[in-house]
Amino acid sequence: MSPFDEGVLRIAVPEVIGILVRRGADFAAAEDAVQDALVEAVRVWPDDPPRDAKGWLVGVAWRRFLDQVRSRSSRQRREEVYEDEVSPGVVSSVDDSLRLYFLCAHPSLSPSAAVALTLRAVGGLTTRQIAQAYLVPEPTMAQRISRAKRTIADVRLDEPGDVATVLRTLYLVFNEGYSGDVDLAAEALRLTRQLAAAVNQPEVSGLLALMLLHHARRAARRGPNGEIVPLAEQDRNRWDTAMVAEGVVILQAALARDDLGEFQAQAAIAALHADAATAAETDWVQIVEWYDELLAMAENPVVRLNRAVAIGQADGGRAGLAALAEVEPTVPRYDAVAAHLHELAGDRTRAAELFAAAAAAALNVPERDHLVRQAARLRDVR
Amino acid sequence: MAKYLMLKHYRGAPQGVNDVPMDQWTPEEVEAHMQYMSDFAQRLVGTGEFVDSQALAAEGTFVRFDGEGRPPVTDGPFAETKDLIAGWMMIDVDSYERALELAGELSAAPGAGGKPIHEWLELRPVMSDVPGGEFNAES
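Going line by line, the protein sequences match chains A and B. Position 21 of the first sequence, counting from 1, maps to 21 under our numbering, and the rest follow consecutively. Count along the second sequence from 1, add 1000, and you get the number used in our numbering.
Because the hints were derived from the structure by calculation, they are not lab data. Every residue gets a Cβ at the ideal spot worked out from N, C-alpha and C, and that includes glycine. Don't take every hint at face value.
Here's a subset of chain B near chain A, in silico, CB distances under 8 Å, partners left out [stated by the list, open to error]:
1. V1045
2. E1049
3. F1050
4. V1051
5. D1094
6. E1097
7. P1125
Restraint-style ranges between C-beta atoms, simulated for each label pair [what the hints assert, rightly or not]:
8. T1061(B) / L295(A): 49 to 59 Å
9. V155(A) / S1038(B): 31 to 41 Å
10. R43(A) / M1022(B): 43 to 53 Å
Just chain B, same shape as in the assembly (with noise of 0.2 Å):
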């Protein structure tokens, strides 16, 4: 069992096949994509493999400390930023392959024209805080 993050991106991935902007969408496409992704997470919570899903607003700010007693310094948010986190999707699953497969799955949500969008996804497995170790020789 594993858990993986399948990444949905504003920016930064490459190009999807179908990459019409969705506020060029006809409202029943946009409808159709929202009841897909809806499905889509009702379905794995059926199948005991959904863990959470978030979207994040297009715009954020970046924050760093700026030495004792200042307030901490804002920027942004930045235009020209290459890689931006649209949400994501958390799952627990088997195996890596199932993980594509529901990667897959998902990157085929309708968009313009009703028609696929093939959107890249990106998988990122999560980090355990179990070490794999209990059995190995040096634990």
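Next up, chain A with everything else stripped away, as it sits in the complex (with noise of 0.2 Å):
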């Protein structure tokens, strides 16, 4: 490894800022010196890197911390005021760290403001980075962060938190999936990897498992020019069986303990997928049971949406046809699955339509391109 790991560098953020506020820096001023600091041991450290890199950062960021605070005049005061208060670190970094994901993933937070805080406070990107993941101008993103901060400037970092609006604060981001320069995906992976180590909780290993099952699939889920690769034509070569038997495990892990989440049933599905060495194989009965568990959680159009598709598998498109019937049809991406099923159930002229239909409502251009072709291919005009 480099003696420069810019990974490396970020894993220590959430702690540094969480050691900073325990030194009596609020919130916002602590993620700002944090922030100025990284920005220097991007500089520096290539050069000359620290032997404690956790310690340098802390070292930095609370020189900085200062600064601001003298620059903010009473200066002698406070800096007796917070020289006093350094705590003697009885409270561990890992409850510090996870504080720091409560608080950015607060539900007073709109979702994009969560999304973004989240990134930078315990991610370690930078606004730049960020901004370009969103394509979004800079300065933007540097108001939705500072917005963000004062949204929950009150909040006091020690309330406990709700794990359930992180897991889908990071759910979002993994969505995201991958533009620009940051891998989206691999950083809510990282970030939900983290977390699962510290909160043993069976969803938080759900969304972990979940993650890693798609993630798995990646190389395989798009062709050459980007264009979407169905499941049922993927290169089941190319998946990362390491990362599919890590997700089922630490999935396994979670179902023993018996106390079922919406997570670990989508993850259940994805297990079941990757489990088939060739799509004919897959236990689509068994996906169709999962379904009806996570129906059973809470109504859900998507999950009855993509339930209809598995029915369809499972039994004919007829069958599909009808558990479509429960779905509204103003539901996105009902016209897909609208085609997919009558193409099965071999009525190629209404599944053509129903493609085309799909592809002028897209709000995707890969999704867009995918169901253009599909409507091509059963049109096939040669």
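Using the supplied hints, reconstruct the complex from the two chains, each of which is provided in its own coordinate frame.
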């Protein structure tokens, strides 16, 4: 490993923020100071790597923080206060990091604010990197982050949070995938792994397993020009079997605790796909059962839609279409699913019409192109 | 999070309520309009929702391929073209409802007599490059 690794550097970020907060800095100021220290580290470390990375970051960030306080005047009095308040460190760094996760995904934040703040304060990404990943100008992202910090200014860092809000935020980041020079899916995976090491809850493991099982298929999911390769047509030799195995082990341990949640159920479905050597060997009957489990937990039109696909595969297109009748046609991707089921049922003309309609309503380019190809394939005018 | 384009039309949109051409406004009214637009964009930077804003010249040229080795054919501008884009602002927001709200505010920009133009803006979702299907069973 190179003496300077940005990944190693970023792992320390939440802990360092936590230490500054324990010493008496407020979250917003601590976060700013640590960003400054990160920028400094990127500049200095390649030539002069520190022996103790975390200690170095704490030292530099703390000095930056004190500089900020001094520049806000009344310097001597405050300095004395802070010097006195340095805690002996009874609180573990794990707790510090965990509180940051809760804070950055606080329910008072909008999803986009929670995502941005999590990536910066927990992930240690710079504002510029986050802006590039979400394709917005840097000043816009900078404002989004400082507004988020103001929103949670009065939240105490030691208040317990709800891990479900953290999981939703990480799930959103994972779904963003990959754009610009930041791999958001990999970053979400890293942060979820870190969270799972700190929180022993089945749903945290469930989300981690789900991400691993999906990430393992990534190389096979797109063709050479970025086109979507559907699950049934993927080259399964390109799946990352080590990652699949890790996901399955984590999922099994979570399921054994008998406290089922949505992420565990979704991961179970992903595991059943990963388990099939060929698309034809997929255990669709069991997949339908998992969708039923999901619906028993909460009504969800997207789950109902995916369940219709699974029923179509298990029992044929007609059965799938009957299941689809329970879904509102306004649910996104309804037409695409209807098209697929009509094709399974043998009605190519209707399927082509529906694929074309789905393409016209698609909200992302790869999906639209995929649907156009499906319509063209079925109409085959050659 | 989703990006939307708020499209402003020279022609092609339904007629706004206060539909007096800009060259018939007083200089103060023009100034007030410009200020409103600039303040609006600045405010969206502040809320972390601004992506981009551009205006287009009113007249353009149609261009098409005319076969190997031949220069492209040009045509126009056509005075009769029904739809003519004047410019756009792109936003990145948490919901469709928020996009509607912002388009409504932009349409309230002052025009003749200092009154809102009530201009019709076209709101179009921007397609993302990321398939929404990372987690659906078929992917």
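Taking the hints in turn, this is what the structure says about them:
| no. | hint | in the structure |
| --- | --- | --- |
| 1 | V1045 | holds, 5 Å |
| 2 | E1049 | holds, 7 Å |
| 3 | F1050 | holds, 5 Å |
| 4 | V1051 | holds, 5 Å |
| 5 | D1094 | holds, 5 Å |
| 6 | E1097 | violated, 12 Å |
| 7 | P1125 | holds, 6 Å |
| 8 | T1061(B) / L295(A): 49 to 59 Å | holds, 56 Å |
| 9 | V155(A) / S1038(B): 31 to 41 Å | holds, 34 Å |
| 10 | R43(A) / M1022(B): 43 to 53 Å | holds, 50 Å |
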